[in-house]
Structures are given as structure tokens and as C-alpha cells.
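Grab the two chains, each in its own frame, and use the hints to assemble them into the complex.
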Amino acid sequence: MPIYSFRIYAIIFSFVSLFVVSACGGGGGGGGGGDNGVTISEWLVPRNEVVDGGPGVDGIPPLQNPNYETAMTINTVLPDDLVVAVRHAGQIWVYPHDIMDWHEIVNDGPASSPFIMSYCPLTGSAAAWNGTATDSDPSYGGSGLLFNSNLILYDRRTTSLWSQMMQTSIHGLRIRERPTNIQVIETKFSTLQQMYPDATVLTRDTGHNRDYDRYPYNDYKTSSDLLFPANNNDNRLHRKERVMGVLVAGSTSKVYQLNGFGSLTDTINDQVGDLSVVVVGNTDLNFAATYDRELSDGTILTFSPVQNDLPNVMTDGEGNVWDIFGKAVSGPRTGEQLSLTSSLTAYWFAWTAFNPNAQIYFN
Amino acid sequence: MIRLRLIQCSAIVLACLPLGSIAQTCSCASVPLLGSMQLASPKNDQWYLATTYEFHDISDLVAGSSSVRDTTGRDRTSQAFMFELSKGLNDKWSISALLSAVDHEREVNNVSASASGLGDAIVMLKYAPKAISLYSSTSLSFGIGARLPIGVDDATQQGVDLAEDMQPSVGAYGGILWAYWAHALNDSKGARIYVSLSHTQNGENDRDYQFGEESTVTLGGAYQTQTPWGFNLELLYRTADRDQRNSVDIPNTGGNWLDVIPAVQYHLNESLALSAAAKIPVSRNLNDSLQFTTKYSFRLSLSYVFGGTG
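Sequences listed follow chains A and B, in order. Heads up, the first sequence is in the numbering used here, so the first residue is 1 and it goes up one at a time. Heads up, the second sequence is in the numbering used here, so the first residue is 1 and it goes up one at a time.
Everything labelled a hint here was simulated from the structure, so no lab data went into it. Mixed in with the good hints, there may be bad ones.
Stated by the list, open to error - Simulated restraints on C-beta separations:
#1 A:Glu49 with B:Leu233: 48 to 56 Å
#2 B:Tyr223 with A:Ser224: 53 to 61 Å
#3 A:Tyr217 with B:Asn285: 14 to 22 Å
Don't be surprised by glycine CBs; every beta carbon is placed ideally from N, CA and C.
The following block holds chain B by itself, in its conformation from the complex (with noise of 0.2 Å):
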């Protein structure tokens, strides 16, 4: 009983991070990453870290909102690690770092193109005004962050730059503001609603190529079971401007997207766990006339929870 109770209450921290919120502001060159800051809110003192896989099929080809027969034979994946590390400065403030490192392939037609390379970075001040306790079901967070484009922006084929898809950092500084609701939906707090916000503001890199602003509005629920098994749902609704060179709009870029991301979670102890998550296409609006898009996409995670006074 005494293991269950501990942990519901890493669960607090865990499970009211929602799994898509600040996923497409780290896009690592354009591929919007599934989850890759849960933007934890560790209690005073307390370690947040966590390192995360993610896997991109980029092979849907879409008009619009319809699908298209691909007649290119390709075959365009992204896959990226990330660590995170939060501390808790105190009861009500926290500070987040990501680090990325991406790999991104592209085969059409069996010709194959390949850049790999650390992606960007993320820091990120987290303030939580309200947290669910004993004493609240509510909770509520906001974060203000910037991207560090301290990755790879220059990968070749050869001697030539790879598209900016095809780079692992986005290669300029970008701007984050986050916002997150959550309020549990029964006395142990096992059951939550949640809510979040994101925006993305994007720098131009040395290309003078400017990736679109993005803006991202997830609806989710998490059940902590009283069993190591936690189960989250989320929508997630993401919209992105046009890309941009010289402040010229690039045609076939940015949309409108709906997904669905269903996640387990698995608690090895009262301060480790494991997720996986996947995000699967409900619906998508994509700007003029044919762009390739994410087909799926899922994430695995290990997180662990130490220190601090509680």
C-alpha cells in the first residue's frame, strides 16, 4: 500500500505531463517531435530526467486534407534521442534543459540521403503557481524557453547542403511560451484532465530560411491505476505557418494537424518509469498543393525522479 501511495504521488509529477504539449517546439529541422519535453515541474530540489527515443514515418503524402498515392517509392524517417534534466528551484519555480541528438534518412527511388547529428537545445523556465496535492485538484503551470540551435545546420551529401528537413538543428534561436491546466477528477488524484498550450517563434538561420511559427493546443486525460500502470489520451492540435526563405513564404509547408496520442506508462518504483506513446494522423489541412507528412510516429521514455523534499 505504502508502494502504491509513493508511487501516486511520483504520478503527480509524472502523469500530468502532457505527452504532446511541447512536441512540435522542438522540432529538430522541421520534424516535429513527438513529446520531446514533458516539461516536468520537480518540486523544490527535486531531479527531473528523462531520455526519450523517437521514431518519425514521414511517408504520408498529402493535397490538402486528402491523401495521395506516392508513386515515388519513398521513404523518409526521423528518429531522435533526447535527454531532459529539471530541477526545482523551489516549491513553485523550476528550469528544464533538452538536448537532442537526430538522425534523419531519405530514400526515393533506392537512392538514399542520410544526415545525423546533435539537434537543438532546449532551456526553459517553468513557473507553477498551483500543483495538485492533497490539498488541491488543480494544477497550473506556465514556462517561458528558447530553442539553441547548437546542433548540426550544415549537413551535406557530398559537398551540398541537405535540405533544411533534412538538418538536424533548425539552425537559429527560437522562442517557447507554455501553458498547462490540469485538474483531477477524483480524491486520490489518479484521474486528471488536462490542458495545454504552446507557441513557437522561429529565428532564420544562415540560410536565411526561417521555419514557420507553430502553435499547439493538446486536450488529454491520464489514469494512474492503483497498479504500476498509468494510461494517458491526448489530442493534440497543431498549427504551423509557412516556412519562410528571405521572408518569401515556401510553398507545400505548414498546416493545419489533428492526432490522437494514446501512452501507457509503467512504474518501475516510486521514482522510475517507462512510457510509450504514439501519435496517430485523425486529420490534416496541409497548406497548398502536396506535402509529405508524419504517417506515425512513437516515443519510448525512461524517467526518473529524485530528490528533493517532496
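Pulled out of the complex, with its shape left as it was, chain A reads as follows (with noise of 0.2 Å):
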């Protein structure tokens, strides 16, 4: 065959392989990873801010329904350890930090009454929500996708996903949709194994090979550096300072420092735009609530703090006690619930990137 033949065999061959691939795009293609083949284009945030993660949609493997032991008997979970406590269906729910870590969603929960708990450890924020037991799959998903560094989920029956921290839906067919929430305690495992030691806590023995005594993101949790973009850099704290932060209608909120409450238990009985709240926390035993101060009878209470006597924390005038989720356990108002207020523990940058032009509260 002449050398010439040859010459131009194999520049064809080389410019038809790049054409094959060149061909295909430019871009990304096929059903997940953006949205799970969601057609609605509408979202709530800016579409150029939302980032994909990395692992894919449920990249990091949620848990489902997974195994507890009582918090008398683990023995996988230190003292000082992190945990987000849940009550729920008669139930006490732990989930360690530290498996949350390589988790953050646990579909859990009764089958007549599932909930939803998630833990974002870019963004440091818990939260729980009630499931509908009907949906033909109540479940979420990790969707891969972060907004604002905070966790994006989607619920696995209309593939709509929504943002942790936001608490709503912001793309998809359930766009605007708000879930239910449930409180979620944030407290050191001592101190929960003080205030409920039958709760059950989820275990290490999750189904998947992780190293749950490996933290995954390095120095994360006490650097200031991010590893994803978020918005309004507000530099009054430190970025990774925990919070409990209220927001009300949407725009006005405020920020209680977890490490201000000091190591007796203190009440703070506030005013966050037209809300009374009171915020019960103790830095010691390292936890925090908020709760609605105003009773649907018009009645606003004030609160003042009950020392020594978990998981009761608060008492108000009328002589009522009250539990950390806002449960009166003795007094006229025995078994009433406070109502909840829209709040999250989370990183000051994780609030403010979210709510910007938050208000810190100082002793």
C-alpha cells in the first residue's frame, strides 16, 4: 500500500475519534446528578450558585431505617461526641455526628409515621420532618448538590429537591413546598444520656465500610477556609462558631452564640421581629432550643431557667416546668407543646449566608 494511503488513513482515524466524542456535546447529559430529570426549570435560588458536590445523586449513602442501640449500652459513642436528638412517635432518636458525617440522611421512623432526618456537615445544620406515610415513597435522597455549602436533598417520589437550611423545596414539582418540621436537639452525648438514657441512638453498624472515627473533611470544622462557595461573607464571628439562629417571616433573624449561655442553664426571653421567643441553652452541657413564647391563647410566658433537673430546663410563671423539646411535664399547662419556631443550629457563615444582616444577640 503506498505511503501515501497510509498517510491519510490515519489522519482521518485520528480526526473521526476526536469527531465521536466532540460530537456528543460540550455539556452534560443524561438523568441525574442536576436534578433527577426534574423538567419543571423554575428554581428559588440562583441556578449559577447551585454547585454539584462531587459524589452524585446519593453518592454518600443515606441510611434507611437503620439499627439502635439504647444510650446506657453504646459504646461507640465518646462523652463529648455530638449528637442531634429527635423526638418522635413516643420516641427518642440520636444520631452521632460522626455518622452523619459520611451519611447525612437517615430515612427513619415507624412506616405509620416516617420522618426525615438530615445533618449537613459542611454547613454544621440538623433538621427533621415529618414524612407522609401514604406517599408512595416517603424517603429522601442526597441529590449531590449543595447551595450556599448547605445540603440539597430530593424526595425520591417526584425527584423535586430541596434545600436543607431553607426547609423548602426550590426546585421541582413540589417547588415552594415547605415540610413539616420537627424540634431537633443538638447537645454532647453525656448530656442527652443524662436527659433520656433509653433513647435509642443509631449505631456504627450502618451497612457501609466507613471509618466513623475519621472525621472526612480534615481541620473543616474549626478552620475558617470553605470548600464551597457561600454567599455574604459577614465576618462578626468566626465562620465556624455554632449558632442558633431564628428567623421570622422570612427576613428578619437572629443569632444566639451556642458558646454564650455560660455553665448553669440560662433563659433569654427575646423579641425577634414581631416573635417572642425564649432560647434556653447551656454551654457546658452544650445545648440549645428555642421555642415560641406566645400560647395560642394569647398568653406570652417568660421563662426563667431550671438548674439540674434534665431534661427539664425551663420553668415560667404560672409554675408550669418544661422539657428541651418544649413539653410541659408538670404544672397547669402539663402536656402542652410550645410551638416551634423556624430555627436551626448551624455555622455562623452557613446563617448568614442565608439570612444576611442577622442580628447577634449579646448578654
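Printed below as a string of C-alpha cells:
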């Protein structure tokens, strides 16, 4: 075969090879990673600020009805380890941070009353939402996307996307829907054991091979560095300072520093916009919670702290004693439940990313 | 006999090409491209043309140096086509250019994402003060080059930018240094050993992302038989720094890899050769707690040498 023919062949082969791949696009395709095939184009957040975190849809594997041990018998959680506690269906469910760092989402609860617990290690925020037992699939997964460094979940029934910290569907068929929140309490494990020794604690027997002793993001918890973009850099506090934020009417917000309560339990009867709130916390015991002080009958209570009686943490002028989940355990309102506020514990940078110009409570 | 001698002459060019030496320097958005640039050093007025297909299966989950069972049903592959053209400027200097087209596929729990398009280009100037010939049993080459971000670095999935490792192009300029030494072990020059070194420095792209610096060391042996068949065996060590965003280290990126690369070539005639190579992990020690990394990769290549004064 003449050399000339070889030259032609080689050149044609090369360009055909390049064309085969180039012709495929110059862009993405497929059915997921972005938004799982959701076709409605509207976003509640700037789409160009939504980023692909890398692992892909459920690449950080959510847990589904995992295994539990009681708080008194489990031996893999250290006293100072942070945990998230949820009271739901007559039970206290506890989720150690060191497991949630690796899974972020747990689809949990009895079949008749499912709920979704999520924890975003990049924003330090936890949330629990009621599921709908009648849904064909009430479970949620991780979309692999982030907004303001914060986890974006998707619901498996409609594949709509949900911002964890906005607590709203931001894209898809259920856009603008808000989940029903369940109160979560973050605290250290020894405090949780004092409060609820019979609580059920998520075990490391998750079915996934992960080194739960190892934090996956190196010094992220304490460093001022971020791994993904977030809006509204506000240097009034250290970026990773943990704050309890309260949001009112979608725009006014105030934060309470978790290290600002002191060694005794303290209550702050405060006003955030039009909302009367109580914030109860204890820095040494490492907890904080916030509730609406105004009851359905119009009464506005004023709270004072209760010491050394966990899980009971505050009392009011009527003589009621209230536990950490905002339930009256004694007094004339026994059994009543304080209303939740729109609040979250999160790193300061994350709170301000979603809620610019937040007020900071100072004693 | 004359045909065999001609094959051996072209093999001097082809067999001295380290298969993995510059491989990682043309990573297209983090995927190391095995032998992506073969770094031929054509002689005066000689042309070297190669087209290469590579496939990477990036589904090994590794914690440090230990394999971890993946429970996410993840399937992550990359393919690349590359077209390389080199021209000998004189007996010592030559210039090479490489174009790439890349396809990334990611599927986790049956949900897929993909991106494809033009990848990065590389241009490299090479200086070969010594070459293996009838009078010399040693070859020495140096190269300096640049990676040009001419490809697609803004691939999206329904409007959302895909992660950096899914982009066909790194999206930033980069610099490459390369050196290569080979020594023929017998008079026929059919057997040789070689060492090559490379270092790549990556710039920051417009999303403030910077892939980590990479260095490689390749130890290899090549043997061209008296038939059209030739064989290579390489040991490739690669070390990469963590990637960064806004100058902040990204956890679970970077590390050290040791791979073995067996390869075979078949010379269709004095100018045209086919080659196939596979990259098989020997060991790796990756940064931080968990990373997906290459399970295996392979490469098919067709190369053609023409023109020149010999």
C-alpha cells in the first residue's frame, strides 16, 4: 500500500476519533446528578450558585431504617461527641455527628409515621422533617448538589430538590412546598444520656464500610476556610462558630451563640421581629433550643432556667416546668407543647449565607 | 531482512516512548490519561502522528491504602480520544501538539450524569541531545510544555455546573516539565531500559479551582523482537497534591499511586504501528479518608511516522 494512503488513513482515523466524542456535546447529559430528571425549569435560588459537590446522587449513601442501641448500652459514642436528638412517635432518636458526617440523611421512623433526619457537615446544620406515610415513597436522598455549601435533598417520589437550611423545595414539582418540621436538639452525648438514657442511638452497624472515627473533612470544623462557595461573608463571628438562629417572616433573623450561655442553664426571653421567643441553653452541657413564647390562647410566657433536672430546663410564671423539647411536664399546662420557631443550629457562615444581616444576641 | 531493519528503525522512535511518563500531565479534569502524550522525538523533518483511545474505570473506593467496599452502586468511567502530532525541527529539536476529546460518565444508584467535549491541548518543545543510533546506546530528551484550556470546562447538568472531575477540560493553563533517558542493552538496539520524569503545575480555573501539582517517575523496559511485535513493561509512580479551591485544600484529593503498565506493539510496516497498554494498580496511598480512584485503564493507539531524513 502506498505511503500516501497510510497518511490519509491515519489522519482520517484521528479526526473521526475526535469527532465521535466532540459531537456528543460540550455539556452534560443524562438523567441525574443535576436534578434527577425534573423538568420544571424554575428555581427558587440562583441556579448558577447551585454546585455539584462531586459524589453524585446518593453518592453519600443515606441510611434507611438503620440499627439502634440504647443510650446507656452503646459504647461507640464518646461523652463529648455531638449528637442530634429527635423526639418522634413517642421515642427519642439519636444520631451521632460522626455517623451523620458520612451519610447526611436517615429515612427513619415507623411505617405509619416516617420522618427524615438530615445533617449537613459542611454547614453544621441538622433538620428533621415529617414524612408522609401515604406517599408511595416518603424517603429522601442526597442530590449531590449544594447551595451555599448546604445539602440539597431530593424526595424520591417526585425528585424535587429541597434546600435543607431553607427548609423548602427549591426546584421541581413540589417547588415552594415546606416540610413539617420536627424539633431537633443538638447536644453532647453525655448530656443526652442524662436526659434520655433510654433513647435509641444510631449504631455504626450501617451496612456501609466507613471509618466513623475519622472526620472526612480534615480541619474544616475549626478552620475559617470553606470548601464550597457561600454568600454574604460576615466576619462579626468566626465562620465556624455554632449559632442557634431564629428566622422570622422569612427576613428578620437573630442568632444566639452556643458558647454564650455559660456553665449554668440560661433562658433568654427575647423578641425577634414580631415574634416572642425563648432561647434556653447551656454551654457546658452543650445544648440550645428555641420556642415561641406566645401560646395559642394569646398568653406570652416569661421563662426562667431550671438547673440540674434534665431533661427539664425551664419554668415559667405559671409554675409550669418545660423539658428540652418544649413540652410542659408539670404545672397547669402539663402536656402542652410550645410552638417551634423557624430555627436551626448551624455554623455562623451558613446562617448568614442564607440570612444576611442577622442580628447577634449579646448578653 | 530489510523490512525487519526498517521496523527496528521506527521502533527506535516508537519503543522509546514512555507509555505513562507524561500520562498524568494531560489529565482532563482530574482523570489521568494513560500515555496521553507519547512524546516522540522525531528526527529532522520527520513527522509523528498518533491517535489514541483511552478508557478509565474509576470505581475503586479507597481509604488511604485500603480498599473499601462501595455500597452506592457507583459506576464512573472516562474515555478520551487523543490526536498527537510531532514534527522534528532538526536532529535535536522537535515540537509536539496534542488535542483531546473526553467523555465522562457517572452513574450512582442508576442515576446518571455525563459530560463530553473537547478536552485540553498540550504543546511541547523537546530537545534530544542524544538519541539511540548505530553509534550510541543512550538516548536523552527533555521537554517543556504547556497545557492549554481550549476545551469544555462548563459542562452542566440541566443548568448546574458539574463537578470539576466531570469536566472535559481542567479549564486552566498548566506547565509541564519532562525528561527521558533510555539505554539500549544490545547491539541490535532491540532491548532497552528507560526512565522518565515529569512534573505538572496547574493553574486556577475561573471557578477558583486548582488541580494539585503532579509528579511522575516511570521505570520501563522495552523489547522489539525480530518480528513486528514489541513489548514494554513500565512501573509508574505518581504523586499528586490535594486540589484546591480558593487556595484551600480540598479533602480527599491527591495521594500516591504505583501502577504497572504492560504494553504490546505491532508494527504493520516501517511507519505504522498499533499498540495496546493497560494500567493496573499495584498500590496507592491516597490522602484523607475516602477517594474513588482508577480501578484499571487501557489504551489503544495507532501511530505513524513519515517524512524526514532519517
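Evaluation of the provided hints:
no.	hint	verdict
1	A:Glu49 with B:Leu233: 48 to 56 Å	holds, 49 Å
2	B:Tyr223 with A:Ser224: 53 to 61 Å	holds, 56 Å
3	A:Tyr217 with B:Asn285: 14 to 22 Å	holds, 19 Å
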